[in-house]
Amino acid sequence: MLSPLVDAVRAAAAGGGDGKARALRIAGGGSKDFYGRPTAGEPLDVRGYAGIVAYEPTELVVTARCGTPLAELEATLAASGQMLAFEPPHFGGPPDLQPPHSGGPPGPQPPYSGATATVGGMVAAGLGGPRRQAAGALRDFVLGVTILDGRGEVLSFGGQVMKNVAGYDVSRLMAGSLGTLGIILEVSLKTLPCPVMEETLQFEMPEDKAIATLNRWAGQPLPVTASAWCAGELHVRLSGAPVAVSAARERMGGVRIDADAAQRFWLSIREQSAVFFGAEDALVRPLWRLSVPSTTPAAALDRIEGARLIEWGGALRWAASGTDAATIRDVAAKAGGHATLFRAEAGLRERIGVFQPLAPAALAIHRQLKAAFDPHGIFNPGRMYAEF
Amino acid sequence: MGDPGVNIERQAQVRARLAALLPAESILFEREDTRPYECDGLSAYRQQPMLVVLPANEDEVRAVLVACHDMRVPVVPRGAGTGLSGGALPMGDGVLLSLARMKKILSLDPAARMARVQPGVRNLAISEAAAPYGLYYAPDPSSQIACTIGGNVAENSGGVHCLKYGLTVHNVARVRGLTIAGEVVEFGSEALDAAGYDLLALMIGSEGMLAVVTEVSVRLVPKPETARCIMASFDDVERAGDAVAGIIAAGIIPAGLEMMDQAATRAVEAFAHAGYDLEAKALLLCEADGNPEEVAGEIARMSEVLQRQGATAIRVSRSEAERLLFWAGRKAAFPAVGRISPDYYCMDGTIPRKRLGEMLRFIAAMEAKYGLRCPNVFHAGDGNLHPLILFDANVPDELHRTEQFAAEVLEKCIALGGTITGEHGVGIEKINQMCVQFSASELALMRGVKAAFDPDGLLNPAKNIPTLHRCAEHGGMHVRAGRLAHPELPRF
Ligand SMILES: Cc1cc2nc3c(=O)[nH]c(=O)nc-3n(C[C@H](O)[C@H](O)[C@H](O)COP(=O)(O)OP(=O)(O)OC[C@H]3O[C@@H](n4cnc5c(N)ncnc54)[C@H](O)[C@@H]3O)c2cc1C
Ligand SMILES: Cc1cc2nc3c(=O)[nH]c(=O)nc-3n(C[C@H](O)[C@H](O)[C@H](O)COP(=O)(O)OP(=O)(O)OC[C@H]3O[C@@H](n4cnc5c(N)ncnc54)[C@H](O)[C@@H]3O)c2cc1C
Chain A
92 MLSPLVDAVR
102 AAAAGGGDGK
112 ARALRIAGGG
122 SKDFYGRPTA
132 GEPLDVRGYA
142 GIVAYEPTEL
152 VVTARCGTPL
162 AELEATLAAS
172 GQMLAFEPPH
182 FGGPPDLQPP
192 HSGGPPGPQP
202 PYSGATATVG
212 GMVAAGLGGP
222 RRQAAGALRD
232 FVLGVTILDG
242 RGEVLSFGGQ
252 VMKNVAGYDV
262 SRLMAGSLGT
272 LGIILEVSLK
282 TLPCPVMEET
292 LQFEMPEDKA
302 IATLNRWAGQ
312 PLPVTASAWC
322 AGELHVRLSG
332 APVAVSAARE
342 RMGGVRIDAD
352 AAQRFWLSIR
362 EQSAVFFGAE
372 DALVRPLWRL
382 SVPSTTPAAA
392 LDRIEGARLI
402 EWGGALRWAA
412 SGTDAATIRD
422 VAAKAGGHAT
432 LFRAEAGLRE
442 RIGVFQPLAP
452 AALAIHRQLK
462 AAFDPHGIFN
472 PGRMYAEF
Chain B
4 MGDPGVNIER
14 QAQVRARLAA
24 LLPAESILFE
34 REDTRPYECD
44 GLSAYRQQPM
54 LVVLPANEDE
64 VRAVLVACHD
74 MRVPVVPRGA
84 GTGLSGGALP
94 MGDGVLLSLA
104 RMKKILSLDP
114 AARMARVQPG
124 VRNLAISEAA
134 APYGLYYAPD
144 PSSQIACTIG
154 GNVAENSGGV
164 HCLKYGLTVH
174 NVARVRGLTI
184 AGEVVEFGSE
194 ALDAAGYDLL
204 ALMIGSEGML
214 AVVTEVSVRL
224 VPKPETARCI
234 MASFDDVERA
244 GDAVAGIIAA
254 GIIPAGLEMM
264 DQAATRAVEA
274 FAHAGYDLEA
284 KALLLCEADG
294 NPEEVAGEIA
304 RMSEVLQRQG
314 ATAIRVSRSE
324 AERLLFWAGR
334 KAAFPAVGRI
344 SPDYYCMDGT
354 IPRKRLGEML
364 RFIAAMEAKY
374 GLRCPNVFHA
384 GDGNLHPLIL
394 FDANVPDELH
404 RTEQFAAEVL
414 EKCIALGGTI
424 TGEHGVGIEK
434 INQMCVQFSA
444 SELALMRGVK
454 AAFDPDGLLN
464 PAKNIPTLHR
474 CAEHGGMHVR
484 AGRLAHPELP
494 RF
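Which chain is which? The protein sequence lines are A and B, in order. This note's numbering runs 91 ahead of the 1-based position in the first sequence. This note's numbering runs 3 ahead of the 1-based position in the second sequence.
Fair warning: there could be bad hints in the mix.
Claimed, not checked - If you only want the chain B side, here are some residues facing chain A, beta carbon under 10 Å, derived: (1) Glu131; (2) Ala132; (3) Ala134; (4) Leu138; (5) Arg177; (6) Gly249; (7) Ile251; (8) Ala253; (9) Gly300; (10) Gly386; (11) Glu445; (12) Leu461; (13) Glu476.
Keep in mind that the hints were calculated from the coordinates and are not lab data. The C-beta atom is built at its ideal place from N, Cα and C for all residues, glycine as well.
Only chain B is shown next, with the shape it has when bound in the complex:
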């Protein structure tokens, strides 16, 4: 009632229009009903939506979009709300469009290894449905029990196995979507490519800003016959980083290659009892999959490399249960850290693997500078880091210091030749750092891309791509890899 940000008259007007299109229970407007939608996984940012709409099928989605487009009401799509960058943060003058009700698996063709699903289907539900055929959907974000395929498409989500099996963009064949004007567009196809520009690639990772996903065809892959995992201990974090490069240099692409520092393993062990070596400064998890002999061979080769690189202990999973236990710890890293600190802030930069040591030293310096602890988990094989800054939002200034800490780390990622986000997206959270990573002309081109789909800027506006005005306010200087891009060219 009368909350700042929501105009009651406008709300009534839009609600009346939508009420003619959808059943009453599909439209939420009372504060207590819309409250669960005020934030996504990045709970530091909250906003009451004007309305929440829960369509049950594509026709209803279209009707809502056409009406909103006509009334110039912004629309923010939402899946499960597990996003970590505020991509699904509502707008006070906008409709929050939840796709969570559209959760049917429409077809699953084991011969073609293809599942056609609605956007609200949970990531894990796809692999569960495919399991009887010896197939699964490869990208496995740690949030896979909850997150939706629509959200995965919007964020190009990854998992602990994506070094070998790829990200969402490598495993989705086709997306069907609706533009804000309500027009159906097919992106990609169930063949291996499609005519014209690769709009599917553009759609994946577009954070719900180009079109609303209403159907997805995902590729299923055969489950490897067997998998085993090595847990290697190191007494030095940088040495563990070098070991990662050593494995790749040996011509091995492990099925998973993850790293945790000591602060992270201690937090996780207390929660998941995975049997981690708590004395190690860093742990590496390296998985091999394939036929049993092949796996045995690869485990032997990886163990040799790890030993040569100075591992202080090596354990190999002896059973499927033990392998899953090794991973359970890693996959529970965020909730585990959530237990040792009132709040935590998860970062998501990616850097060239060889700069890992440098980055860790930098983070240690930032811990001292801001007086905050920061355990680290990494998708080491991909150079994707998740430093987790621990803070308490009730302590004055801690959130502020956390944000400054995070901004410095992100800008360091850019300086090291990396990026501010590997898989969680820009959303609202990293929008200022976009001004640092990209030049004004690059951002202008991205706004051109947005306008090609949504000329009026109504679909999830204010996310991902900052305006020039915003960049001017942030005052960030566009510097890439420690140097101005193309110094040989005149600046304008």
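Excised from the complex, chain A in its bound form:
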């Protein structure tokens, strides 16, 4: 099961007759193809290495192989009343991996069309959903990984225990590395019990007031676990013991949303199926993700035209905008954050890059790290930055 992957990587590293290493494009479910820069290379389907290896609810740890469908992992946890607290987005994707077509990678997939996302892709993408504001990011839940590095060696870091400071924290480094450092073969994640109760409140308020209010609430012991503001409407989710939730509701006010509607609403934020994210439109009007300090005032983003959606208590600002990349990145940097070209047609992603450019010292470290993990540069070259 593992040996075909090891063989493929060693063969790619050794190269063809010309002795030049061949690039590989690590392919999970293909659900997040839209994310990151397009990358050339032979697809290496890692979905065959699948399955939940160990799960013990009382240890709060699950270990799964990379090809395990994310949906399967979540269902297994749910059966024991637990969850991945960072609420990873699945994002839809074609059910079967097909050979790449000639004109570059496909455009954005219709959101949440199928359960194709894999555990490996989830870790490599490192994305979190609405609950991230309260529970932490994917990387906060990574306890250990087994990877296949660019020499074709199987390496393990971290483990299945909550606390581990032996050696450098290579496991968390894999989160969000977009498959550029190595193939994630297996990952151990901390799980948490599902909340006993959840309730969603709705408020009408302008953007600035929403930002101030969310920050004020975050400074108080209130069980807020998700928030989303768009077009004058603020939704806030409370989770926890019924007494805590009802006490918070009384303090905060707002209108309570029916449970089913609330669940659909948060799913539409997590999976970006809400009207705001309009996948079709992203081809015309790129979708930018601005990660900024939560108190950043609305006016700080005035130079970016177009509609906005706010999540994570103010720390995440989505902008569907035609403003030029340099301006958007400058706005994000001045606010103390960074901007990602989250969804756009491939040509644009290729041309202007997806992620905020790195400072020279940081870029040098990135390249050295890449070389340490993948000395022949075979894994997803250019997927994160053109330079490596």
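Dock chain B with the ligands against chain A, hints included.
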């Protein structure tokens, strides 16, 4: 004067170079001035540093690093020196770089719940500064009165509340650091993430080997409205271990979940007068926090689980003072043990919680084998153990037996699927066990990580990641969880 390990000529040469960069009082070289820096909290290891340098700001740190880099002088960063693995152990041919003078809180933004501090700020000082706003910094190592945030970042320190509130890595948003070449690198950001690889995660727990921390942005969290603590007695240590699993199985994540065995409670009680049940073979401390009704509910649920799991007595704190008293005992465990024995050696392995009973039986067997006593305190919720081996360094052979005892326990942690260090770091102390926990290729990759930041190997070298040569000498066989890793693959 002329101590082994320090070359006087080299010392004079480096001192002359640094004297041009820093005020004279910031450079220590006389033996009586450098003596306090000879060891950290792991006092069994000592070394006179060539020089001690105490910069007052980032510019001075940069100047020292650039000069040392240029002269190929190794640099060992140091915070408060409370580390328990020899991470800040100086080098006879190196500069000990103390960040203790850089102790300003640069800003504290209650709206953004963020404090920006210099590396020498003490852990507790941050929570004190945040208290007027109803906020605090969550990781609370028992050494929090003394240890610095720079040291916390370097060790990824935890505390008794980290099961629910996380370790340093979960509570630090941003670190600003200088590489050995003097280049500024920003790790993370005051947003919830940053572009590129997660270098912040790599930096946290890197034991001062990748960059010198010069500024840290920490997240502050609102103080819970109220907290209460249960003290539960058990007449059997393993039953107490099962009760820990029982609480988690009930879907509860307590704010704190700690365990002490009888030897530890007896040592602590004599010191802290916390009102511990001295007849119990094991005590559990379980805390709930939140709004008063929620806390009452959780205390009731936890009490029920504990009762069902065979607790022989249950006490719930009736006041904030009593709650703090329960914790004061636990937090004073190390100094308390220090009073009943001339010396003690603190271990720090982590194991899957379900193996706790097995581990305790193993430790009891080791006590008999080596003729040394070993009280135990645990961060039970996290499976992180602190067995404390009692010894007397003046008795011939006791230190040696202690080290063998400790090595066996650490290797047992690995065999049980755990790790040799949960929060105190590898430092110099557990470097041989790294050869057991990791394969040659894994160690080689970690050396690659180090080289990405410090190609010349000048920043705190000789700690944390052993050389292959060292592993060959130790002769440790790399075995994980009782089996060779990936037996299906060919060995090379
Ligand atoms: C129908 C179809 C047509 C396609 N056409 C093209 C094309 O024309 N041009 C083109 O460039 N691409 C094309 N692709 C995409 C490509 O084949 C891969 O699917 C893609 O590059 C790899 O990741 P993913 O999006 O499938 O992984 P996801 O599961 O979405 O994962 C996201 C990220 O994680 C990485 N990843 C996934 N699993 C692991 C793991 N175990 N370890 C480390 N990293 C991992 C991926 O490389 C990717 O960076 C097509 C895909 C499909 C399904
Ligand atoms: C009584 C006692 C109780 C303790 N309880 C706990 C506990 O509950 N939990 C826990 O996790 N630990 C505990 N410790 C261990 C210790 O306090 C922590 O490891 C602490 O984080 C060390 O901080 P320090 O400032 O003393 O660092 P030091 O001991 O000075 O240094 C530790 C490491 O950090 C590096 N370093 C220090 N400052 C910097 C910097 N600015 N930049 C780069 N590297 C730097 C050093 O090189 C060294 O490798 C305890 C120690 C004692 C003595």
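Taking the hints in turn, this is what the structure says about them:
Checking B/Glu131 against chain A by beta carbon gives a least distance of about 17 Å; that is not within 10 Å, so the hint is violated. Taking 10 Å as the C-beta contact cut-off toward chain A, the hint placing B/Ala132 at the interface is violated, the least distance being around 15 Å. Interface restraint check: B/Ala134 against chain A, minimum CB-CB distance 13 Å, threshold 10 Å, status violated. Among the interface hints, the one on B/Leu138 holds; its C-beta lies about 7 Å from the nearest C-beta in chain A, closer than the 10 Å criterion.
At about 9 Å, the closest approach between the beta carbon of B/Arg177 and any beta carbon in chain A falls short of 10 Å, and the interface hint on this residue holds. The criterion of a C-beta within 10 Å of any C-beta in chain A is met by B/Gly249, whose closest approach is roughly 8 Å, and the hint holds. Interface hint at B/Ile251: satisfied, since its Cβ lies 5 Å from the closest Cβ of chain A, which is below the 10 Å cut-off. For B/Ala253, the suggested interface contact is upheld, since its CB lies about 9 Å from the closest CB of chain A, less than 10 Å.
For B/Gly300, the shortest C-beta to C-beta distance to chain A is roughly 6 Å, which falls under 10 Å, so the interface hint holds. A cut of 10 Å between beta carbons decides the hint on B/Gly386: the least distance to chain A is about 5 Å, and the hint holds. Look at B/Glu445: its Cβ gets to within about 5 Å of chain A, closer than 10 Å, so that hint holds up. The restraint placing B/Leu461 at the interface with chain A is violated, with a minimum CB-CB distance near 16 Å, outside the 10 Å limit.
Nearest Cβ of chain A to the Cβ of B/Glu476: about 19 Å, over the 10 Å cut. The hint is violated.
In summary, the numbered hints that this structure violates are 1, 2, 3, 12 and 13.
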